Amino acid sequence: MIAAFIHRAVMQGIPLLFGSTGEIITEKAGHLNLGIPGIMYVGGISGVIGAFFYEQSLNGAPLNGFLAVMIPLLSSLLGSLLMGLIYSFLTVTLRANQNVTGLALTTFGVGVGNFFGGSLIKLVDTDMPSITLTKTSAFFSKTLPFADELGWFGEVFLSYSFLAYAAIIIALISSYVLKKTRVGLNIRAIGENPATADAAGINVERYKYLSTCIGSMIAGLGGLYYVMDYATGIWSNDGFGDRGWLAIALVIFAVWRPNISIIGSILFGALFIVHNYIENLSMSDQELFKMAPYVVTLIVLIAISMRDKKENQPPASLGISYFREDR
Amino acid sequence: MSGNAAIELKNITKVFGSIVANKDVCLTVNRGEILSILGENGSGKTTLMNMISGIYFPDHGQIFIDGEEVVIRSPKDAFKYKIGMIHQHFKLVDVFSATENIILGLEKKGKYNLKAAAAEVKSISEKYGFEIDPMKKIHEMSVSEKQTVEIIKVLFRGADILILDEPTAVLTPQETQKLFKILRRMRDDGKAIIIITHKLHEVLSLSDRVSVLRKGEYIGTVNTAETDEAQLTEMMVGKKISLNIDRSEPKELEERLVVTGLDCINREGVKVLDNVSFTAYSGELLGIAGIAGSGQRELLEAIAGLQSLNEGSIIYHDPKTGKEENLRNKTPRQIRDLGVRLSFVPEDRLGMGLVGSMDIIDNMMLRSYRKGKSMFLERKAPKDLAMQIIEDLSVVTPGATTPVRQLSGGNVQKVLVGREISSSPTVLMAAYPVRGLDINSSYLIYNLLNEQKEKGAAVIFVGEDLDVLIELCDRILVIGSGSVAGIVDARNTTKEEIGLLMTKSKTSEKEE
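Chains as they are written, first to last, in this note's numbering: chain A, 1 to 327; chain B, 1 to 512.
Derived by calculation from the structure, the hints in this document are not laboratory data. Some clues are possibly wrong.
[As the list claims (entries may be wrong)] Computed beta-carbon distance windows for the label pairs:
id: 1; chain 1: A; residue 1: T181; chain 2: B; residue 2: G409; range: 57 to 63 Å
id: 2; chain 1: B; residue 1: K127; chain 2: A; residue 2: V100; range: 49 to 55 Å
id: 3; chain 1: B; residue 1: D263; chain 2: A; residue 2: L85; range: 43 to 49 Å
[As the list claims (entries may be wrong)] No farther apart than 27 Å at their CA atoms in a straight line, the calculated lysine-lysine pairs in the BS3-like style are these:
id: 4; chain 1: A; residue 1: K310; chain 2: B; residue 2: K495
id: 5; chain 1: B; residue 1: K115; chain 2: B; residue 2: K136
id: 6; chain 1: A; residue 1: K179; chain 2: B; residue 2: K495
id: 7; chain 1: B; residue 1: K455; chain 2: B; residue 2: K239
id: 8; chain 1: A; residue 1: K180; chain 2: B; residue 2: K122
id: 9; chain 1: B; residue 1: K239; chain 2: B; residue 2: K271
id: 10; chain 1: A; residue 1: K309; chain 2: B; residue 2: K136
id: 11; chain 1: B; residue 1: K115; chain 2: A; residue 2: K310
id: 12; chain 1: A; residue 1: K180; chain 2: B; residue 2: K115
id: 13; chain 1: B; residue 1: K76; chain 2: A; residue 2: K309
id: 14; chain 1: A; residue 1: K179; chain 2: B; residue 2: K91
id: 15; chain 1: B; residue 1: K91; chain 2: A; residue 2: K310
id: 16; chain 1: B; residue 1: K122; chain 2: B; residue 2: K76
id: 17; chain 1: B; residue 1: K76; chain 2: A; residue 2: K180
[Stated by the list, open to error] Only some residues are given here: those of chain A computed to face chain B with a beta carbon under 8 Å:
id: 18; residue: E205
id: 19; residue: K310
id: 20; residue: P314
Quick caveat, the model's predicted, so the values are computed rather than measured. Just so it is clear, CB atoms sit at the ideal spot from N, CA and C, and this is done for glycine as well.
Use the sequences and the hints to build the structure in full.
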């Protein structure tokens with residue numbers, strides 16, 4: 001029972017982990033990307049589009065395992081990269097307001113997702129308001145081979161698909177890069193004080209583009225994981241829910257550290273589903289439980305503000321456009 | 001002399017719009033020498049140094065390094081020629097350690113190794129006698145430690161021509177002495193050091209030679225050993241120029257504002273006002289002279305109710321009722337509710353004075369919005385006022401509904417001053433009201449101030465141009481390091497007298 005709960009919590013947490021890792025990389029370079037929910041949504045639908053046409057092109061013949069994974073994966077990365085490019089062009093090159101741009105991008109991304117989702121549903125001509133890609137999903141949700149044989153240990157640690165492990169590895173690598181490498185030092189310097197970074201000879205614009213686009217691509221994988229593994233290949237419009245916003249909340253919870261985000265995402269996942277595991281909850285109580293991740297985030301925000309430790313604060317120039325000639 | 005000149009400037013000229021920041025400046029700095037660049041505010045010292053360090057590019061002139069002509073287009077080029085500049089405002093990342101800041105942006109081959117870098121920082125510190133913990137975070141450091149990090153940063157990059165822009169402005173006397181010791185050690189190590197300052201006693205105690213700039217022009221270079229304060233002051237302020245500003249005799253002097261014993265400690269814990277006392281009379285124009293940042297801003301803001309004070313009183317004598325009110329630690333609104341007609345033209349026109357994105361009418365309303373009775377805005381009166389100011393002060397604008405940000409500096413200032421004097425103030429304070437203005441606009445502002453004085457207002461004028469202060473004001477209060485260095489009669493004073501008062505800070509008195 002507990003093992004099953006943890007298993008579900010991790011499944012819930014992985015999309016949030018992708019989203020928050022991507023957002024942390026972006027925020028560390030000083031850009032508050034509120035477009036993450038939209039980007040994750042586009043990441044999801046792009047993968048669905050790729051998988052859909054691959055499945056259709058085979059007319060029912062068995063899928064090639066490698067292509068079945070690579071096509072959705074690459075189309076997902078491409079979709080979220082495009083979203084990241086739109087965001088960076090607007091906020092880095094044109095210096096548009098980051099909050100407005102981000103929110104617009106979220107609205108836009110959800111619209112794009114629903115439009116293509118609806119179009120694909122029309123193509124297959126079914127009564128169901130969803131697209132079913134069970135065959136592709138089978139490849140995406142393959143677990144480690146000996147997961148079933150090891151009892152609760154297998155269920156808690158080994159029973160996930162490759163994208164879940166990728167999420168954790170990406171988070172760890174991001175942590176390392178941000179903390180221990182020259183590139184990370186440069187990114188952090190830009191997020192804290194772009195004028196100083198500029199004076200030190202760092203190409204501020206290039207780093208901002210890079211971290212925003214890479215961040216977007218990582219976040220987009222969260223959308224892909226959600227459709228292909230968590231939702232077992234069934235895309236229904238608006239099914240992604242609030243996960244994008246939870247990912248942004250998770251960034252604060254993790255105090256801008258991808259490695260803490262790993263634990264945080266599982267905790268958020270657990271809080272997100274815990275109401276299913278408590279018996280005899282009324283509808284209204286369930287809604288109260290769904291608030292839990294946000295309440296936890298608020299508490300963390302208050303806690304880090306009260307402790308007032310500089311290292312735990314958001315990057316100092318987060319959300320502020322940098323323009324060299326402004327003095 | 002040209003044999004070991006580390007850097008030589010020939011006829012450097014830089015123009016910003018219509019303002020000549022540097023005109024035909026020639027300088028030479030040798031290795032193993034400390035050169036001071038002395039000049040008042042706005043004399044072009046920092047602009048000149050920014051051209052050496054690659055931030056600006058000169059319009060004319062040549063720069064030679066070790067006898068070869070070079071072109072410095074960016075800070076990176078400057079690094080290449082081993083020029084390092086320590087800015088007045090530190091360029092450091094707060095949450096990084098000293099070492100992280102020092103290696104930031106360096107493109108070294110090989111592995112990123114913080115420990116090795118820290119060791120190198122340590123060895124540089126030991127060589128020159130810095131006291132620094134390489135792993136300490138910047139936000140935990142004192143100002144002097146931050147400056148040390150900046151200096152090590154340029155040394156780490158191998159700089160052997162160092163430029164320091166007013167390095168002692170933020171230091172205590174002890175820290176200054178420590179810094180000087182380090183600078184002398186670097187000089188003895190063969191580095192060429194340029195230090196920008198306006199503190200005479202520092203120039204005399206530290207440098208080998210002094211170059212003087214005045215209003216962008218190069219005045220000359222003297223050997224420190226062969227000069228004294230009087231000569232340097234004269235070079236710095238120059239001969240008196242006649243400006244022909246109309247000045248009326250003050251009449252019907254009445255005490256209007258009696259300020260006694262103001263003490264103010266700012267948020268950084270620095271004492272910015274120290275026992276400041278003076279009296280401003282109605283019908284008189286009181287000038288305030290001093291090096292920028294000597295407490296002028298805090299003084300005016302304290303009177304206007306924007307700065308809380310630790311000690312002292314500001315007594316306002318009401319001309320109508322004869323009542324006395326203490327304005328200390330009152331808010332601007334409380335001051336106004338007392339019936340005090342106080343007008344303030346702040347230094348920061350588009351920050352504190354006007355709202356840049358709002359039009360002229362709306363900016364008029366900022367001062368009168370509380371007069372309205374209905375819940376809707378009453379735009380008639382402010383509109384009339386705006387039109388009147390545009391006409392009376394010949395503000396160049398497409399109309400009263402143009403956002404003030406789109407006006408030129410002089411016109412912005414006219415709008416602000418026009419608004420402030422429209423309430424016929426009994427006390428009018430203006431901080432650097434002609435900064436950045438052309439001659440005609442400046443004279444218009446001078447005349448407006450004079451007009452207010454004749455109407456019986458107590459006018460307080462903070463200025464930087466000594467010629468203007470002497471010709472415009474009745475009395476001049478000289479402020480130095482937050483305390484009153486002297487109050488002189490503007491009709492019987494000289495620029496040298498004021499200049500000496502300005503630069504004679506408390507620290508120099510203690511040393512002597």
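Ascending list of hint numbers which this structure does not respect: Of the numbered hints, 1, 3, 4, 6, 7, 9, 13, 18, 20 do not hold.
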